[in-house]
Amino acid sequence: MKRVLHSWQGTAALVLCLAALASLPLMAVDAPSPFGTGTVVLVLLMVAGAALVSFTKLSQPLLATILFVAAHLAVWLLLAGIAGNEGQATLAFFLLVAASWLLAWRCVSVLSGIRPKSQAGDTFLRLLIPAIFGAWILILWEAATRGAGIPFIILPPPSSIGARLASSVPILWADVQQTIFKAVLFGYVVGCASGFVVAIIADRIAFLRRGLLPIGNMVSALPIIGVAPIMVMWFGFDWQSKAAVVIIMTFFPMLVNTVAGLAASGAMERDLMRSYASDYWQTLIKLRLPAAMPFIFNALKINSTLALIGAIVAEFFGTPIVGMGFRISTEIGRMNVDMVWAEIAVAALIGSVFYGVVALGERATTFWHPSNRGG
Amino acid sequence: MPMNNPPSSVVSASKLGLTFETSDGPVHALSNVDLTVNKGDFVSFIGPSGCGKTTFLRVIADLEKATAGEITVNGMTPEEARKSRSYGYVFQAPALYPWRTIEKNIALPLEIMGYSAADRKARIERTLDLVNLSGFGKKYPWQLSGGMQQRASIARALAFDADLLLMDEPFGALDEIVRDHLNEQLLKLWARTEKTICFVTHSIPEAVYLSTRIVVMSPRPGRVTDVIESTLPKERPLEIRETPEFLEIAHRVREGLRAGHSYEE
Ligand SMILES: Nc1ncnc2c1ncn2[C@@H]1O[C@H](COP(=O)(O)OP(=O)(O)OP(=O)(O)O)[C@@H](O)[C@H]1O
Ligand SMILES: [Mg+2]
Numbered sequence: 001m002k003r004v005l006h007s008w009q010g011t012a013a014l015v016l017c018l019a020a021l022a023s024l025p026l027m028a029v030d031a032p033s034p035f036g037t038g039t040v041v042l043v044l045l046m047v048a049g050a051a052l053v054s055f056t057k058l059s060q061p062l063l064a065t066i067l068f069v070a071a072h073l074a075v076w077l078l079l080a081g082i083a084g085n086e087g088q089a090t091l092a093f094f095l096l097v098a099a100s101w102l103l104a105w106r107c108v109s110v111l112s113g114i115r116p117k118s119q120a121g122d123t124f125l126r127l128l129i130p131a132i133f134g135a136w137i138l139i140l141w142e143a144a145t146r147g148a149g150i151p152f153i154i155l156p157p158p159s160s161i162g163a164r165l166a167s168s169v170p171i172l173w174a175d176v177q178q179t180i181f182k183a184v185l186f187g188y189v190v191g192c193a194s195g196f197v198v199a200i201i202a203d204r205i206a207f208l209r210r211g212l213l214p215i216g217n218m219v220s221a222l223p224i225i226g227v228a229p230i231m232v233m234w235f236g237f238d239w240q241s242k243a244a245v246v247i248i249m250t251f252f253p254m255l256v257n258t259v260a261g262l263a264a265s266g267a268m269e270r271d272l273m274r275s276y277a278s279d280y281w282q283t284l285i286k287l288r289l290p291a292a293m294p295f296i297f298n299a300l301k302i303n304s305t306l307a308l309i310g311a312i313v314a315e316f317f318g319t320p321i322v323g324m325g326f327r328i329s330t331e332i333g334r335m336n337v338d339m340v341w342a343e344i345a346v347a348a349l350i351g352s353v354f355y356g357v358v359a360l361g362e363r364a365t366t367f368w369h370p371s372n373r374g375g
Numbered sequence: 001m002p003m004n005n006p007p008s009s010v011v012s013a014s015k016l017g018l019t020f021e022t023s024d025g026p027v028h029a030l031s032n033v034d035l036t037v038n039k040g041d042f043v044s045f046i047g048p049s050g051c052g053k054t055t056f057l058r059v060i061a062d063l064e065k066a067t068a069g070e071i072t073v074n075g076m077t078p079e080e081a082r083k084s085r086s087y088g089y090v091f092q093a094p095a096l097y098p099w100r101t102i103e104k105n106i107a108l109p110l111e112i113m114g115y116s117a118a119d120r121k122a123r124i125e126r127t128l129d130l131v132n133l134s135g136f137g138k139k140y141p142w143q144l145s146g147g148m149q150q151r152a153s154i155a156r157a158l159a160f161d162a163d164l165l166l167m168d169e170p171f172g173a174l175d176e177i178v179r180d181h182l183n184e185q186l187l188k189l190w191a192r193t194e195k196t197i198c199f200v201t202h203s204i205p206e207a208v209y210l211s212t213r214i215v216v217m218s219p220r221p222g223r224v225t226d227v228i229e230s231t232l233p234k235e236r237p238l239e240i241r242e243t244p245e246f247l248e249i250a251h252r253v254r255e256g257l258r259a260g261h262s263y264e265e
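Keeping their order, the protein sequence lines are chains A and B. Mapping of the first sequence onto my numbering: position 115 corresponds to residue 115, and the numbering continues sequentially without gaps. Mapping of the second sequence onto my numbering: position 247 corresponds to residue 247, and the numbering continues sequentially without gaps.
Check before you lean on any hint, since a few could be wrong.
[What the hints assert, rightly or not] DSS-like cross-link-like pairs, simulated, lysine-lysine; straight-line CA separation at most 30 Å:
#1 B:K188 with B:K39
#2 B:K15 with B:K65
#3 A:K286 with B:K121
#4 B:K139 with B:K188
#5 A:K286 with B:K138
#6 A:K117 with B:K139
#7 A:K286 with B:K139
#8 B:K139 with B:K121
#9 A:K117 with B:K138
#10 B:K83 with A:K286
#11 B:K138 with B:K121
If you're looking for bench data, these hints aren't it; they were derived computationally from the structure.
Let's have the full structure, built from the sequences with the hints guiding it.
Now the structure itself:
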């Protein structure tokens with residue numbers, strides 16, 4: 001009894017299997033190519049079998065493997081069966097998808113209980129768990145859109161987004177070059193660097209600090225995107241105007257954060273420098289900048305997101321016929337939503353990589369900060 | 001053989017006063033302090049919390065400006081003395097930089113003062129050894145206990161050639177045994193280098209054991225109520241703390257502290 005409670009996902013999966021059995025078939029009666037009886041039996045047996053196995057006392061790695069294989073094979077068979085039957089799936093179909101999902105959930109909780117001995121095993125597990133998680137978002141999305149026949153315009157299934165991605169690599173690559181490598185990177189580097197330099201100057205010159213900081217706070221509250229059309233007027237249609245928008249968006253967060261960071265060093269630490277008769281630059285480089293690093297990286301992280309948003313949205317206001325924002329705005333007009341989603345996927349991927357690189361840099365430079373010490 | 005008799009003064013304060021202007025009125029942290037610290041002296045400051053011991057050290061080190069009276073350090077203003085790097089200051093807290101390892105922390109003043117890399121290395125090794133932290137040089141401050149951190153901060157102040165060492169309760173966070181050991185080490189160091197040391201403490205035995213002179217202070221306003229010259233020999237084993245002579249001086253310090261306290265009631 002205790003073990004049945006422990007693997008409640010297994011119990012729930014069994015219940016769902018029974019409910020599915022009671023509400024067969026998996027596709028509407030007039031579906032063009034219904035499931036073969038063999039497939040249905042196989043799926044039911046796999047799900048129910050794995051659910052029962054989850055109550056046993058098998059070793060954790062073996063149990064996880066069985067659950068992993070059963071859950072994914074079953075759902076793969078189910079998804080494959082949709083072909084030709086779009087929008088015809090019945091309650092039983094979704095009950096079985098849900099049951100497989102519960103098995104995958106059980107699998108992840110077994111996996112997270114494993115304490116691997118080797119470093120490689122640890123890394124593998126740390127990557128595997130989020131990968132299963134992500135895969136199931138796509139699986140459920142696929143099952144919902146194709147099984148229930150959600151209109152393509154509203155939400156295309158991941159499989160057709162993937163197909164579109166694969167078939168438009170040259171276009172996507174050209175867009176990435178235009179938007180990311182030119183506008184975002186240039187704007188980000190220039191915006192952050194100038195924000196940093198102005199912060200150091202403002203720190204030395206009090207009236208600049210008193211004048212700039214309130215303006216900085218005000219500007220960050222403004223919808224900066226509104227200046228995009230003006231930047232297009234000033235710098236033309238090409239990437240330079242987008243880079244200008246990115247510079248404006250990233251400049252003030254960096255300025256405000258760096259100024260705050262430069263004030264973050266403790267009084268005693270500064271007195272120490274003073275007792276050494278350390279000059280302004282020595283104190284800046286050896287004390288105040290290191291102490292400001294957590295603030296500076298905070299700005300770098302905020303700006304990595306802002307730069308991406310700024311460049312893409314700024315392209316809505318006029319561009320040459322290339323760029324991620326341009327593609328999104330024209331393809332949505334042509335109802336090619338899969339292309340829009342493909343661009344979104346690329347943007348999400350690049351955004352995560354961008355953020356990840358900045359976060360890695362942060363881990364390397366602010367390892368000493370109480371919030372990062374841990375391991 | 002001392003060449004110049006009488007000994008030259010390192011710190012000399014007369015009618016020194018410092019008033020902090022706070023939102024709820026002025027705080028007289030120091031008033032009418034007359035004190036001379038001679039070259040090679042080991043002077044301890046003792047007194048109840050808030051009597052201005054830290055403030056006095058900060059005025060000497062030019063971290064605070066006196067609002068009344070005169071003070072000179074090596075015949076200069078405190079600011080000139082600071083600019084000529086006369087001070088090794090050990091603060092009440094370790095104040096180590098968390099992004100630097102212990103040895104890098106000790107290297108900090110050496111870097112600022114332009115010591116050569118080879119010299120830095122030798123000095124780091126020597127001072128780490130002095131405070132019993134050899135082998136911990138590559139650790140970060142937050143990986144050490146509070147007492148070890150405080151020792152590292154002492155090592156940092158000893159690493160360069162300041163001729164005036166200002167120590168603000170440096171051993172407050174340490175256990176008795178380590179404290180005894182460091183007291184001994186400090187005395188040896190002082191005898192060897194002939195540095196001048198101003199030392200704040202709350203412990204009467206520590207003050208008596210270490211000092212050539214003990215300055216007793218009392219609060220509101222912070223002032224010097226007594227200066228006791230030690231009659232103990234320069235050579236002081238730890239056992240000296242049980243001698244009648246030692247206890248006699250300790251008794252006088254205690255009396256001085258009592259007298260200071262009774263002013264308030
Ligand atoms: N920056 C400041 N602003 C206002 N008042 C201050 C400041 N620094 C110190 N004081 C006041 O001056 C007085 C003396 O302080 P100080 O730190 O010198 O005491 P202390 O003798 O070192 O005490 P403790 O033994 O607790 O360290 C206290 O009343 C304190 O409140
Ligand atoms: Mg104090």
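A quick look at each hint next to the structure:
no.: 1; hint: B:K188 with B:K39; in the structure: holds (17 Å)
no.: 2; hint: B:K15 with B:K65; in the structure: holds (14 Å)
no.: 3; hint: A:K286 with B:K121; in the structure: holds (19 Å)
no.: 4; hint: B:K139 with B:K188; in the structure: holds (27 Å)
no.: 5; hint: A:K286 with B:K138; in the structure: holds (18 Å)
no.: 6; hint: A:K117 with B:K139; in the structure: holds (27 Å)
no.: 7; hint: A:K286 with B:K139; in the structure: holds (18 Å)
no.: 8; hint: B:K139 with B:K121; in the structure: holds (16 Å)
no.: 9; hint: A:K117 with B:K138; in the structure: holds (28 Å)
no.: 10; hint: B:K83 with A:K286; in the structure: holds (18 Å)
no.: 11; hint: B:K138 with B:K121; in the structure: holds (13 Å)
Hint compliance for this structure: no hint is broken.
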